[in-house]
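Asks: Letter by letter, the chains look like this.
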Amino acid sequence: MSALSQHLAILPILLPLIAGAIMIPLDDQRRRLRAGIGIASALALLVIAILLMVRAGASEGSHAAVSVYRLGDWPAKFGIVLVVDRLSALMLVLTASLGLAALVFSTARWERMGPHFHALFQFQLMGLNGAFLTGDLFNLFVFFEVLLAASYGLALHGSGIARVKAGLHYIAINLAASLLFLIGVSMIYGVVGTLNMADLAARIPAIPAGDRPILEAGAAILGMAFLVKAGMWPLGFWLPTTYAAASPPAAAIFAMMSKVGVYAVLRLSLLLFGEDAGASAGFGEGWLLAGGIMTIGFGAVSVLATQDLPRLAGASVMISSGTLLAAVGAGQVSVTGGALYYLASSALAVGALFLLIELLERGRDVGADVLAVTLEAFGDGEEDEDAGEAEEVGVAIPATMAILGACFLCCALLLAGLPPLSGFIAKFAMLSAVLNPAGLGTAAAAAVVPAASWGFLAAVILSGLATVLATTRAGIRNLWAVADRVVPRVSVIEIAPVLFLLLLCIGMTVQAGPVMRYMQAAAAELHAPHAYVRDVLAPAGARGEVRP
Amino acid sequence: MEFILALSIGVLGGSGVWLVMRPRTFQVIIGLSLLSYAVNLFIFSMGRFPIGAPPVLEPGTAGDPAHFADPVPQALVLTAIVIGFATTALFLVVMLASRGLTGGDHVDGRGRDE
Chain A
13 MSALSQHLAI
23 LPILLPLIAG
33 AIMIPLDDQR
43 RRLRAGIGIA
53 SALALLVIAI
63 LLMVRAGASE
73 GSHAAVSVYR
83 LGDWPAKFGI
93 VLVVDRLSAL
103 MLVLTASLGL
113 AALVFSTARW
123 ERMGPHFHAL
133 FQFQLMGLNG
143 AFLTGDLFNL
153 FVFFEVLLAA
163 SYGLALHGSG
173 IARVKAGLHY
183 IAINLAASLL
193 FLIGVSMIYG
203 VVGTLNMADL
213 AARIPAIPAG
223 DRPILEAGAA
233 ILGMAFLVKA
243 GMWPLGFWLP
253 TTYAAASPPA
263 AAIFAMMSKV
273 GVYAVLRLSL
283 LLFGEDAGAS
293 AGFGEGWLLA
303 GGIMTIGFGA
313 VSVLATQDLP
323 RLAGASVMIS
333 SGTLLAAVGA
343 GQVSVTGGAL
353 YYLASSALAV
363 GALFLLIELL
373 ERGRDVGADV
383 LAVTLEAFGD
393 GEEDEDAGEA
403 EEVGVAIPAT
413 MAILGACFLC
423 CALLLAGLPP
433 LSGFIAKFAM
443 LSAVLNPAGL
453 GTAAAAAVVP
463 AASWGFLAAV
473 ILSGLATVLA
483 TTRAGIRNLW
493 AVADRVVPRV
503 SVIEIAPVLF
513 LLLLCIGMTV
523 QAGPVMRYMQ
533 AAAAELHAPH
543 AYVRDVLAPA
553 GARGEVRP
Chain B
102 MEFILALSIG
112 VLGGSGVWLV
122 MRPRTFQVII
132 GLSLLSYAVN
142 LFIFSMGRFP
152 IGAPPVLEPG
162 TAGDPAHFAD
172 PVPQALVLTA
182 IVIGFATTAL
192 FLVVMLASRG
202 LTGGDHVDGR
212 GRDE
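Respectively, the protein sequence lines represent chains A and B. Going letter by letter, the first sequence gives residues 13 to 560 in our numbering. Going letter by letter, the second sequence gives residues 102 to 215 in our numbering.
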């Protein structure tokens with residue numbers, strides 16, 4: 013058992029790799045078996061992630077719980093390291109929760125739309141987990157490629173013209189972004205001479221001034237690659253189209269994928285260009301703040317402009333990315349803590365929304381979106397011609413519409429950041445920290461709030477308003493104003509994942525105190541990376557596996 | 102030598118960027134390949150540029166790093182080549198699927214008569 017707990021950190025990568033590899037040779041007759049393996053693996057991942065989270069969150073105070081896993085026990089500068097701290101563990105838990113929900117949802121019907129869905133899904137989970145765990149820039153590239161390669165397959169799952177068209181753009185953009193990633197990594201290597209993140213952080217303060225422009229250019233190019241994933245404004249035009257075209261379970265896990273970009277930006281900007289990085293400290297923060305605000309603006313406009321539900325969800329992914337990037341750019345510990353809470357809440361809510369949308373749309377006519385545009389434009393009355401399709405009536409769960417409506421309401425509240433759910437707490441935590449850097453209750457009259465913070469505040473609140481308007485409109489149109497609707501046939505296995513994700517958000521709301529303490533501790537850890545650097549670079553003999 | 106290398110990276114990169122901007126899928130894929138060649142050469146050049154120096158220590162020689170090529174960028178290039186090769190192949194498959202579904206090779210999926 014102690015051997016297992018010692019090797020716990022590698023399991024989130026190995027487990028889906030093995031599960032995915034087992035599934036490939038299984039043919040389509042063994043569908044139940046494949047689904048069983050996939051769900052078992054996702055469940056095990058969730059358990060492992062929670063164990064890692066408990067371990068990371070266990071120790072308090074100055075002694076940070078960074079546990080380092082050295083593959084082959086090579087010292088960190090030469091070997092590959094996996095690092096589990098609070099942020100990594102949080103991302104692992106989110107990935108496993110969303111993955112489990114999407115997998116259970118897919119067994120109802122989506123897994124049958126194309127081959128190798130489950131294997132691709134496992135590789136996607138492997139790439140995500142690896143990207144969150146690795147402590148090395150080049151391994152980050154490798155895991156990015158793993159998760160992207162799997163996501164290309166998942167984006168195309170189910171085929172069809174819309175998916176192939178969106179997938180073509182998605183693949184081309186991400187291939188180009190990967191090349192930027194490589195350029196950035198090699199420029200950083202050329203200047204600093206290492207790719208281990210902790211070693212980079214230790215060496216960057218001593219870089220001579222003449223080499224700094226190359227280092228900063230490399231970091232900026234690397235950042236571009238992450239920002240393409242995160243969907244920052246001028247780089248994110250592919251995002252709503254691809255997410256809307258992807259099949260719902262794939263889109264739900266893609267909601268996590270755009271958080272990988274945010275995670276990488278957060279981790280690297282604070283580790284490499286934190287407070288003690290010498291002349292480069294705080295590099296890029298202004299760009300992140302401005303870009304984040306622009307992304308929020310773009311997302312808010314597209315939420316209002318969009319007519320169909322999947323694009324609405326895609327646009328809310330952009331709002332969430334923009335909010336997170338701007339919060340990272342604000343560069344304060346307490347804002348980062350609120351942003352991490354927001355990250356968890358919005359990832360779960362967007363995932364639930366993607367799954368829910370498919371259930372809602374099932375009851376609608378195909379031409380309803382076109383009809384909606386016409387309704388807006390000409391304002392003419394209902395044309396109820398196709399009322400003759402009543403073959404699929406049959407309610408697998410009771411009070412279908414009531415449950416779907418309640419779920420939609422929850423998603424809308426979470427995304428718009430209205431009380432009483434966790435979206436509100438998240439936005440409140442970020443905004444109060446922006447306005448009051450010293451913390452609530454202290455005399456902050458002396459501190460002048462900079463203009464950029466007001467811009468961030470306005471953008472977050474206005475985007476919330478836009479989300480309220482758009483989701484209200486979409487809710488009325490999809491749930492109330494359909495005269496001749498066919499009640500969609502929704503089985504328990506499809507609504508349960510949505511309820512699971514929403515219940516997690518409600519749990520975050522009820523337990524807001526402990527959760528927020530965890531997030532603040534994670535943020536404090538990120539803003540003071542000494543412990544991270546020390547533990548990773550510690551000689552292999554003095555293993556810092558589990559610090560009491 | 103540095104000049105030739107810089108020139109070839111520049112030419113490959115420039116042609117690649119131009120081709121990626123073109124409207125036909127085949128041009129895009131060739132452009133991405135050229136770009137990845139340029140990037141691979143670029144990574145290679147980041148290991149400083151000692152000519153005729155081996156990347157591994159020879160038995161019996163003094164371990165002075167100045168006399169050896171840096172093996173790390175070479176390892177990185179190998180990984181990047183393999184990954185780039187695989188993703189380009191995958192892109193090719195999607196391109197063929199798009200060709201089959203839309204009947205044209207326009208990146209936006211429009212038919213050939215538009």
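Derived from the structure by calculation, the hints contain no laboratory data. Each hint should be verified, as a subset may be incorrect.
What the hints assert, rightly or not - Computed spacing ranges between beta-carbons, pair by pair:
| no. | chain 1 | residue 1 | chain 2 | residue 2 | range |
| --- | --- | --- | --- | --- | --- |
| 1 | A | Leu469 | B | Val194 | 42 to 48 Å |
| 2 | B | Glu159 | A | Phe249 | 19 to 25 Å |
| 3 | B | Phe127 | A | Ile518 | 50 to 56 Å |
Unchecked claim - Some chain B residues near chain A, calculated using beta-carbon distances under 8 Å:
| no. | residue |
| --- | --- |
| 4 | Leu120 |
| 5 | Leu135 |
| 6 | Ser137 |
| 7 | Leu142 |
| 8 | Val173 |
| 9 | Thr180 |
| 10 | Ala181 |
| 11 | Ile182 |
| 12 | Phe186 |
| 13 | Ala187 |
| 14 | Leu193 |
| 15 | Asp209 |
As the list claims (entries may be wrong) - Chain B is nowhere near these chain A residues, computed Cβ spacing over 12 Å in every case:
| no. | residue |
| --- | --- |
| 16 | Leu58 |
| 17 | Ala188 |
| 18 | Leu316 |
| 19 | Ile488 |
| 20 | Ala550 |
No residue lacks a Cβ here, since even glycine has one placed at the ideal position from N, Cα and C.
Asks: So, for every hint listed, does it hold in this structure?
Replies: Taking the hints in turn, this is what the structure says about them:
{"no.": "1", "hint": "A:Leu469 - B:Val194: 42 to 48 Å", "verdict": "holds (47 Å)"}
{"no.": "2", "hint": "B:Glu159 - A:Phe249: 19 to 25 Å", "verdict": "violated (53 Å)"}
{"no.": "3", "hint": "B:Phe127 - A:Ile518: 50 to 56 Å", "verdict": "holds (51 Å)"}
{"no.": "4", "hint": "Leu120", "verdict": "violated (11 Å)"}
{"no.": "5", "hint": "Leu135", "verdict": "violated (11 Å)"}
{"no.": "6", "hint": "Ser137", "verdict": "holds (6 Å)"}
{"no.": "7", "hint": "Leu142", "verdict": "violated (10 Å)"}
{"no.": "8", "hint": "Val173", "verdict": "holds (7 Å)"}
{"no.": "9", "hint": "Thr180", "verdict": "holds (7 Å)"}
{"no.": "10", "hint": "Ala181", "verdict": "holds (6 Å)"}
{"no.": "11", "hint": "Ile182", "verdict": "violated (11 Å)"}
{"no.": "12", "hint": "Phe186", "verdict": "violated (11 Å)"}
{"no.": "13", "hint": "Ala187", "verdict": "holds (7 Å)"}
{"no.": "14", "hint": "Leu193", "verdict": "violated (10 Å)"}
{"no.": "15", "hint": "Asp209", "verdict": "holds (7 Å)"}
{"no.": "16", "hint": "Leu58", "verdict": "holds (29 Å)"}
{"no.": "17", "hint": "Ala188", "verdict": "violated (7 Å)"}
{"no.": "18", "hint": "Leu316", "verdict": "holds (25 Å)"}
{"no.": "19", "hint": "Ile488", "verdict": "holds (33 Å)"}
{"no.": "20", "hint": "Ala550", "verdict": "holds (22 Å)"}
Violated hints for the displayed structure, listed by number in ascending order: 2, 4, 5, 7, 11, 12, 14 and 17.
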